[in-house]
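Asker: The numbers in the numbering used here rise by one with no breaks, and the one at position 83 of the sequence shown is 139.
One should not assume that every hint holds.
Pairwise CB distance ranges, derived in the manner of DEER restraints [claimed, not checked]: (1) ARG104 <-> GLU202: 31 to 39 Å; (2) LEU74 <-> ALA123: 35 to 43 Å; (3) GLU79 <-> GLY139: 34 to 42 Å; (4) THR198 <-> ARG81: 25 to 33 Å.
Derived from the structure by calculation, the hints contain no laboratory data. Here the structure is a predicted model, which means the values were calculated and not measured. Heads up, the beta-carbon is just placed ideally off N, CA and C, and yes, glycines get one too.
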Amino acid sequence: MTGLRLERLRADHAEALLAFERENREYFTRSISDRGDAYFADFAEIHRARLAEQDAGICHFHVVLDASGALIGRVNLIDAEDGCAELGYRVAEKAAGRGVATAAVALLCRTAGTSYGLTSLKAVTTLDNLASRAVLARNAFTVVEETVVAGRPGIRFHRDLARAHHRP
């Protein structure tokens, strides 16, 4: 997607990120578990904690911005350890179906290997989340096994960054 860019999460993203999460809360809960009221009530503290995790190298959080600079998604690498991290992402309802998630995940996969020294990524999604499954498939993730995600049937994926570097 033209003009799409990732920015590493910063303190000054807090207001836009909270607005993004609030605006899309109902939309997100159609396919993933809700963050809960405490997330929104304690957002400032949670945001600071995320930045501390990022500073410690445990996680790598990113906001997805469109060509105008509007925050339309987020892509994250969680629990980075031994060259591997778990990928998570979400895109605003108004940006869904336009290739934003696929493009953002592709950008983050490149960044994961070049900036963070990761060699592989893992991801999970529910079996019925066809859009998320398509994003992962388009980005060279392969199915590892069936699993349970928030009490629902799911699939675990893996991507070897070294072997798949020529892919999106």
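Asker: All hints, please: hold or fail.
Answerer: Evaluated hints:
Between ARG104 and GLU202, the C-beta spacing of about 37 Å keeps the proposed range 31 to 39 Å intact. In this structure the hint that LEU74 and ALA123 lie 35 to 43 Å apart at CB is violated, the actual value being about 22 Å. Separation of GLU79 from GLY139 is about 35 Å and conforms to the stated range, judged on CB atoms against 34 to 42 Å. Between THR198 and ARG81 the beta carbons are some 31 Å apart, a value that agrees with the proposed interval 25 to 33 Å.
Of the hints listed earlier, the one the structure fails to meet is number 2.
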